[in-house]
Amino acid sequence: MDELDRTIIMSLANDGRTPYSRIAQEAGVATTTVHQRVRRLTERGIITGTHINIDWVAIGLPVSAVISVEAPDDRPLVEIADGLRAIPYVQSCHAVTGEFDLLLTVRARSSDHLGDLLEDLRKYAPGRSRTIVVLATYYEDRVLPIAPPDPS
Numbered sequence: 175m176d177e178l179d180r181t182i183i184m185s186l187a188n189d190g191r192t193p194y195s196r197i198a199q200e201a202g203v204a205t206t207t208v209h210q211r212v213r214r215l216t217e218r219g220i221i222t223g224t225h226i227n228i229d230w231v232a233i234g235l236p237v238s239a240v241i242s243v244e245a246p247d248d249r250p251l252v253e254i255a256d257g258l259r260a261i262p263y264v265q266s267c268h269a270v271t272g273e274f275d276l277l278l279t280v281r282a283r284s285s286d287h288l289g290d291l292l293e294d295l296r297k298y299a300p301g302r303s304r305t306i307v308v309l310a311t312y313y314e315d316r317v318l319p320i321a322p323p324d325p326s
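Be aware that the sequence shown starts at 175, since it is given in our numbering, and climbs by one per residue.
What the hints contain is simulated information worked out from the structure, not anything from laboratory work.
The structure presented is a predicted model; accordingly, all values stated were derived computationally and were not measured.
C-beta atoms are modelled at their ideal positions from N, C-alpha and C, and glycine is treated no differently.
Please note: incorrect hints may appear among the correct ones.
[As the list claims (entries may be wrong)] Computed spacing ranges between beta-carbons, pair by pair:
1. Pro-323 / Val-231: 37 to 43 Å
2. Pro-325 / Ala-232: 44 to 50 Å
3. Gly-223 / Arg-180: 17 to 23 Å
Generate coordinates for the entire structure from the input sequences, incorporating the hints supplied.
Structure, rendered in structure tokens:
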């Protein structure tokens, strides 16, 4: 990946609808070059799709919570994660180190709905859990800088 690839990725990460012609103009290359680079980055799995940012409050899911889950000893984490995927309001699931095994982000319509989600979670992960309700979100889904590879 070179500087042009990083420029293209950052431009699309900031706005996935940016026309290739504008990226090409800003990068000082031909539009076909941007098309080819995006195709290659997609084929290599570096670009995996385009996404939109959703205002969760506006669509009726104002409650956000982070839930730490302890997995039972005899079940693989991937199996528990696959089960949790069946709950539509589980937004993300990460295997983590520390006191708990999985870290989930969920979205809910209300505190009652969050309670229902916690009951559903216990079906797939009956171990201990800890729930932290988000009071305010100052930012999320930031586009991070893409550094060149470490030369060492």
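So, going through the hints one by one against the coordinates:
1. Between Pro-323 and Val-231 the beta carbon distance is about 39 Å. The supplied range of 37 to 43 Å therefore holds.
2. In this structure the supplied range 44 to 50 Å holds for Pro-325 paired with Ala-232, their Cβ-Cβ distance being about 45 Å.
3. Range check, Gly-223 to Arg-180: about 18 Å between beta-carbon atoms, so the 17 to 23 Å window is met.
Checked against the numbered hints given earlier, this structure breaks none of them.
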